[in-house]
Amino acid sequence: MSNDTQPYFIVSTAPHTHSGSSVRRIMLDVIIALMPAVLASFYLFGWHAVRLTAVCVLGCVGTEALCRRLMGRDLGIGDLSAVVTGLLLAMNLPPALPSGMALVGCVIAIAIAKQVFGGIGYNPFNPALVARVALLMSFPVAMTRWHDALNPARWLGFAWTVPDATTTATPLGLVKTALTMKQPLPLTWDNSTMLDYLLGNMSGCIGEVSALALLLGAGYLLFRRCITWHIPVTYIGTVAIFAAILRVVDPATNMPVSFHMLSGGLMLGALFMATDMVTSPLTRRGQLVFGAGCGLLTILIRRWGGYPEGVSFAILLMNALTPLINQATRPGIFGQSRKKK
Amino acid sequence: MDWMPVLITSGTIGGVGLACGSALALAAKFLSVPEDPKIAELEGILPGVNCGGCGFAGCADYAKAIASGAASVDLCAPGGPDVLKKLAAATGQEATATEKQVAMVLCQGNEHRAVHKHIYNGVADCNAAAMVAGGDMLCTYGCLGYGSCAFVCPVGAIAIKENLATIHPELCIGCKACIKACPRGIIRMVPESRSVHVLCSSKDKGPVAKKACQVACIGCKMCVKLGGEAFEMDGFLAKRNYAIPATSDTAIEKCPGKCIVKIGASEATTQTAPADGAPSGSHA
Amino acid sequence: MRTTQALFKLRGSIHPEYFKGLARDKDIVAMPLPKQLCVSMAQHLGAPAKPIVSKGDHVLKGQRIGEAAGFISAHVHAPTSGTVTAVEDGPTVTGTLALRVVIEPDGQDTPANALPPIKDWTTAGRDTILARIADAGIAGMGGAGFPTRVKLSPPPDKPIDTLIINGAECEPYLTADHRVMLERAEQIWQGCEIMRSLLGVKTVRIAIENNKPEAIKAMQTAIAKADGDVAICILKTEYPQGAEKQQIFATTGREVPSGGLPMDVGCVVENVGTTYAVWDAVVNGNPLIERVTTVTGHPVAEPRNVLARIGTSYADLLAFCGGLTCDAVKIVSGGPMMGIAQSNLETTTTKTTSGLLFLEASRVPEYTSMPCISCGRCVVACPMDLLPAELSNRIEAGDYDAAESLNILDCIECGCCAFICPAHRPLVQHFKMGKSRVILKRRQAQTKS
Chain Z
1 MSNDTQPYFI VSTAPHTHSG SSVRRIMLDV IIALMPAVLA SFYLFGWHAV RLTAVCVLGC
61 VGTEALCRRL MGRDLGIGDL SAVVTGLLLA MNLPPALPSG MALVGCVIAI AIAKQVFGGI
121 GYNPFNPALV ARVALLMSFP VAMTRWHDAL NPARWLGFAW TVPDATTTAT PLGLVKTALT
181 MKQPLPLTWD NSTMLDYLLG NMSGCIGEVS ALALLLGAGY LLFRRCITWH IPVTYIGTVA
241 IFAAILRVVD PATNMPVSFH MLSGGLMLGA LFMATDMVTS PLTRRGQLVF GAGCGLLTIL
301 IRRWGGYPEG VSFAILLMNA LTPLINQATR PGIFGQSRKK K
Chain Y
1 MDWMPVLITS GTIGGVGLAC GSALALAAKF LSVPEDPKIA ELEGILPGVN CGGCGFAGCA
61 DYAKAIASGA ASVDLCAPGG PDVLKKLAAA TGQEATATEK QVAMVLCQGN EHRAVHKHIY
121 NGVADCNAAA MVAGGDMLCT YGCLGYGSCA FVCPVGAIAI KENLATIHPE LCIGCKACIK
181 ACPRGIIRMV PESRSVHVLC SSKDKGPVAK KACQVACIGC KMCVKLGGEA FEMDGFLAKR
241 NYAIPATSDT AIEKCPGKCI VKIGASEATT QTAPADGAPS GSHA
Chain F
1 MRTTQALFKL RGSIHPEYFK GLARDKDIVA MPLPKQLCVS MAQHLGAPAK PIVSKGDHVL
61 KGQRIGEAAG FISAHVHAPT SGTVTAVEDG PTVTGTLALR VVIEPDGQDT PANALPPIKD
121 WTTAGRDTIL ARIADAGIAG MGGAGFPTRV KLSPPPDKPI DTLIINGAEC EPYLTADHRV
181 MLERAEQIWQ GCEIMRSLLG VKTVRIAIEN NKPEAIKAMQ TAIAKADGDV AICILKTEYP
241 QGAEKQQIFA TTGREVPSGG LPMDVGCVVE NVGTTYAVWD AVVNGNPLIE RVTTVTGHPV
301 AEPRNVLARI GTSYADLLAF CGGLTCDAVK IVSGGPMMGI AQSNLETTTT KTTSGLLFLE
361 ASRVPEYTSM PCISCGRCVV ACPMDLLPAE LSNRIEAGDY DAAESLNILD CIECGCCAFI
421 CPAHRPLVQH FKMGKSRVIL KRRQAQTKS
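Protein chains in written order, with this note's numbering: chain Z, 1 to 341; chain Y, 1 to 284; chain F, 1 to 449.
None of these hints come from the bench; they were simulated from the model. On a predicted model such as this, the values are computed, not experimentally measured, just so you know. Where hints are given, some of them may not hold.
Okay, derived cross-link-like pairs now, DMTMM-like style, lysine to aspartate or glutamate, Cα gap no bigger than 25 Å in a straight line [as the list claims (entries may be wrong)]:
hint	chain 1	residue 1	chain 2	residue 2
1	Y	K180	F	E88
2	Y	K262	Y	D125
3	Y	K210	F	E88
4	F	K435	Y	D125
5	Y	K211	F	E404
6	Y	K86	Y	E111
Only chain Z is shown next, with the shape it has when bound in the complex:
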């Protein structure tokens, strides 16, 4: 029965004002921050980057909508988190990966790594990384078939049909092969190669190669306060410290620090994957521990592990430790921590 004499007012508990932040806005900021790297990947890897990005974004959003519908819940794609997962997944794939495999990745990311746990906010692991690792295990050949950036045929695509003729190993792959074969370091490292690496002119996953574009995006996220410096700085810092120690101890088999900074997925991982809010610790102190752990695991895998690159595994392993870190780094509360001396 409606009451016509007076309007109804809204009543809730305080506060009655809000900062205006929203999950959607945060996700939109991440998408904006990823744009430089996405555009760089389009330029560097051509049609295949466009194809993978489109497949992954549509695949993730579609899977999300389908899962939510099957579970009888709100669609929930308006928060744009599936778009972010799709973009991140695409950026973690090699350029020649068939679209079908990328779609499998989307289903793994959204259905298994996210919605099974209850959707946004409940997933213990970074969905895009779970999908990447699952693909790496399932399709080891396709997931390690690399091509150089700026391949002249990148906008046409025939070169890709004869993959063996044009594939190249990633820099980290070359180093790993040399390490296992006990050969001398295969790469020369001078200013011009460093510049190439910074801009992304090397082989690798479509979104990880251009460190410069990734740093630009991370700068935007820092400016928008979507991420804080704690995880990226400790992550990259730890890798740098251990790479430096290794270089000093044995310069014959270890690449310099700058090589470790710019190659592989470190920038993408440290700036965009490890900083994922849901799967990283709540407190600042916890984030420092998390970043350092990621860095340590990354360098361990790169130097001694079975894979040339360890960023994905490092972050996933630390994701698993996040609840524990949260518990261990609870702050002392106001009025209890600093007792009168």
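Given chain Z, put chains Y and F in place with the hints provided.
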């Protein structure tokens, strides 16, 4: 085919299994804690819904309490007279079966009948809603409809329809979990055989109650005049006296607030014991 | 120089939009007597007062109509002369019911003159002044409404060395305290001297946020001739600088221990409005029957700082400020961060009504039950260094024991966490529920043992 590895493997695994199994068997025999066989027997009699209505943490806990003599045998509501009889026989205690009691929401104020006070925005839970400006309904006694009772019901007997909780009497096992969950205290235990109820809990004076809800008791005492001792007044609120059967339908027809209803068949003329002691006092 | 900067930074804070400009420059205006005044008996923390008048009685302005019921309670006085038309249950600010005395003013405003002015309070003696503060029914006017007499007579085992006058007014929109400091600086200082002599302290800090330069200037002039360690403490403009524990920390660097009171660290904090009321009660013999309330918000035609009698209905206050120019969807008694939303305008002002805020639809946040995305912003914003995200998850899951071990009882309900939560979770409501459950559980455990 070389059978040797197969034999070795199955032998090893089988051997390990056998060793572990024997160890477990021995442990079970020598390390076992003697338990009163009575507890197992009593637990077998109890229905096993673990509703907690008896006040103990589940059926096993209640069985233990009966065996130790800490609890009487007549606390199991879902079991009904059957379980009571068996428990009494098993323990040698005497117990007289009382009639099964079911929970009833004494309110009919759904979203079409009851007037809202404001639009509530917050946690969808009756206790939470009641904390904010006293609940979003103008009637301070009525059902809030956020389903805190339905949430705790172990058998899913409570449905929320149009912002009103309704309990299915056939499904209700009488565990009283909903009574504890309701911030308004409008859920009452009633004898299962009684079908005529006063479905209003508003103690407000007539005009106030009427303003807040279309189906409110306005305290006119019509039912007491027409229905005799089956109804009684508590201030401005009519209440059912379940000890006396309500045999005539005139009170239902004449009630100006339409808050007396009959659910199911007419009541028999026999008298039953009143529900949980006194008929009134459901308000916390 | 009698001005200091805050010594310590808050451990967590937020920066809301303040909108103080709506009413900041409006002089305090006394509102004419309304047709009816409904004086609640539950205006303060502690037991509600007992009404000592009945229907049909004629009362005089300042006559006591409610007797304090216990130690932590306060007297209530008739705001004007007139006839008692009812003593009945009425809605309070929080939506619960409490006894109230309804008075129909006779328009004469005849004073009862029950309390003689104490012109020379320096020689009057401590007990006389304390009795006067109790007789005037003064309770903290900042929001909580703690009876001032109790606050000003700490037990002997808690030595007090600092008196802090709270003029931070960190709530957005509200400007009542600002105007009081601007227009009544000298009286506030006198009230401050009275309380200082009661407590026997040398150190006085007047805490004001740096977004009120005029108020700082006015108070500086007022304290120019003061002796002893008296200073204006300028606080950075951030929320919640006005919260008692946070303010003590900012001005003195002392942390009130968990579960403790300001007197545990030798401090007493009084609001500027209360300080003025103390002066008025002692020097003029006026009981607390009126206060300055900011009526503000974008939908209000003429936002104002209104000096209104206690018991004025919100509808009358709004009408005095010209009504609404557009639809308001939320009425808040108090500020937007900690104020209490009202169902309607029937509620009446009390000793603690610092503001009446009207909000239009575009400025009202909607709380949802979206899951937490663990962004950690609430952890950074919490001035008590709690973990709001985890607390709220635990309470949602019904795990009140975990909430207790995560120190839920230390939550001051300032609302910083809910203000910045991107998932729009009703965090403060969770904590209110959790706190009441934990307190109930503790009480039950106490009665059992």
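Structure-based check of all given hints:
no.	hint	result
1	K180(Y) / E88(F)	violated (30 Å)
2	K262(Y) / D125(Y)	violated (29 Å)
3	K210(Y) / E88(F)	holds (20 Å)
4	K435(F) / D125(Y)	holds (16 Å)
5	K211(Y) / E404(F)	violated (42 Å)
6	K86(Y) / E111(Y)	violated (45 Å)
In the structure shown, a violation is registered for the earlier hints numbered 1, 2, 5 and 6, in ascending order.
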